[in-house]
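Chemist: Based on the provided sequences and hints, a complete structural model is requested.
Per this note's numbering, the sequence shown starts with residue 160, numbered consecutively.
Note that these hints are calculated values from the structure, not bench results. Just so it is clear, CB atoms sit at the ideal spot from N, CA and C, and this is done for glycine as well. Among the clues, some could well be false.
To be verified - Label pairs and their computed distance ranges (CB to CB):
(1) P548 / R504: 52 to 60 Å
(2) P360 / G464: 20 to 28 Å
(3) Y272 / S434: 40 to 48 Å
(4) L280 / G371: 20 to 28 Å
(5) G540 / R462: 57 to 65 Å
(6) I475 / E236: 22 to 30 Å
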Amino acid sequence: MTLSRYYATNQHGRIRLGAVVALLILITTLILAWWIVTQPPRIERTPPPEPLPSVVDVVTVSASDQAPNLYAFGRVEAEQETMLASRVAGQLERFADNVVPGQVVEQQAPVAYIDQADLALSLEDAEAQLANAQAQLALEQAEQQRARSEYESFGRQLSAERRSLVLREPQLRQAQAQVTQARVARDQAALNVDRATLTAPWRAMVQERLVGAGSLLSQGTEVVHLVGVEQFWVRASLPGEWTEWLEAGSSVTLTSRGWPEGATREGTLVSMLPSLEENGLQAQLLIAVNDPLALETDGPALRLGDVLRASFQPAIQEQLISLPSAALRPGDVAWRVDEDNRLRRTSVTLAYRGEDDALIRSGLEPGQQVVTAGLAQPREGQLVRIRRPNETPAQAGDEPGDES
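Modeler: As C-alpha cells, this is what we get:
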C-alpha cells in the first residue's frame, strides 16, 4: 500500500507541474501576440540608387579671329531706269531697227524717229528771221555811222541823253536784241530737229515700247521704257544687330534657286540705307552687281524682281569662340562638363547667333567642353558621361550606367 500511495502521489505532482508549464506557455504566447499586434510595422529604409549618368556629346571650344557667315534675301531692281519721252511734238515715224524688248541699245544710239517735216520748216523760218534781223542790224549800224558824222560836224556838245538819241544808240540796241532773239529761235528750231531723233541716254536694254509708230506725240509723251545694263542693285534686308559686322565696299556672293546648281554672282555692298524695311523692321542694304545681264562675263543673268540670297564675307574680325546653335539654351546659357564629369551652367555673351552656329564673345574659356546634345533636363552638378568617338547611341545605352 505504501508503494502504491507513493506512485499515486508522484503522478499527481507531475500532472500539476505540466498544467503550470502549459499555463506559462499560454501566457507567454498571449503576451508575444499582444506585443506583435501593438507594435507598428517596421520597414527598413534603403538609400535611393545613384541615378545613371546621361551620355552627352561635347565639343572642345577654342578662340580664333573670325566673323559670322551672314546672309540675307533681297530683290533685284534697276540702278538706272527711264521712260524715254519725246521732247518735241510730232508724229512718231518709226523705231530704230534694234529697238525691240530684250535688245540692248548703246549709249547715244537712235531709239525712235519723229517726223521732221514741220520742224524743218520751223528751222528754215527761224533762219530767215535771223537773216532779216542781221540785215536790220547792218542798216542800223550804217545809220548810226551817218549820225555820228553829222554830230561831229555840228561842233556842239550835247548832254549824255541827247547825244545817245542823236547817235541812235537805242535803235542800235533794239536791232542787236532782235538779232539775238532770232538767233535763239534759230538755235531752238535746230535743237528741235535734233530732238526729233530720240537717243538712249546710256547703254540700256529695251523693256517695252509704250506707243506705236504713227502715234501723234505731244511734248513729254513717253515712248519707250529703258533699263540700264551696266549695273543692277539688290535691296536686301537683315537683322539690324548684324550690320556691325559689315562695311561699305565688302564683297557679297549672290545665289538664286532659279540658277544652275553652284552658280553664283559677285556683288559689292554699296551702302546701308537709313530706313528700316517696313514689314520686319530690318535693316536695308544696297548691293551693286556689275554687268548684271552677263553680256560680257560668264555666269547667270540677274532679272528684275528676282529674289536672291546674299552671303556676306565681313572684313571685321575678332577673337571669338564658335559653337553650334543647338548648344545654347534659352537665356544664352551653355552647359559644360568639368573635370569630374559634372555639368556646370554657364551664361555667355553672344556676338552672333544664326540658324546653325553662334559666336561667343565671353563666358567660356578655350579648352572647355561644352555639351551639344544628350541633355533633356540638365541640373547643376549632374553626373554625365561623354560619348566616345564613333560610339552610337545604341552602343552607349547597352553599357551599364548609361542612359539612352
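Chemist: Using the Cβ atoms, figure out if G540 sits within 57 to 65 Å of R462.
Modeler: Between G540 and R462, where Cβ atoms are some 59 Å apart, the hint holds.
Chemist: Take a look at whether the Cβ-Cβ distance between P548 and R504 falls inside 52 to 60 Å.
Modeler: 26 Å, violated
Chemist: Could you see if the CB distance from Y272 to S434 stays within 40 to 48 Å?
Modeler: For S434 against Y272, whose Cβ atoms are near 42 Å apart, the range 40 to 48 Å holds.
Chemist: Note whether the CB distance of L280 and G371 lies within 20 to 28 Å or breaks it.
Modeler: Since the Cβ atoms of L280 and G371 sit about 25 Å apart, the hinted range of 20 to 28 Å holds.
Chemist: Is 20 to 28 Å respected by the C-beta to C-beta distance linking P360 and G464?
Modeler: At 23 Å between Cβs, range holds.
Chemist: In this structure, is the beta-carbon distance linking I475 and E236 contained in 22 to 30 Å?
Modeler: 27 Å, holds
The structure does not agree with numbered hint 1 stated previously, though it agrees with all others.
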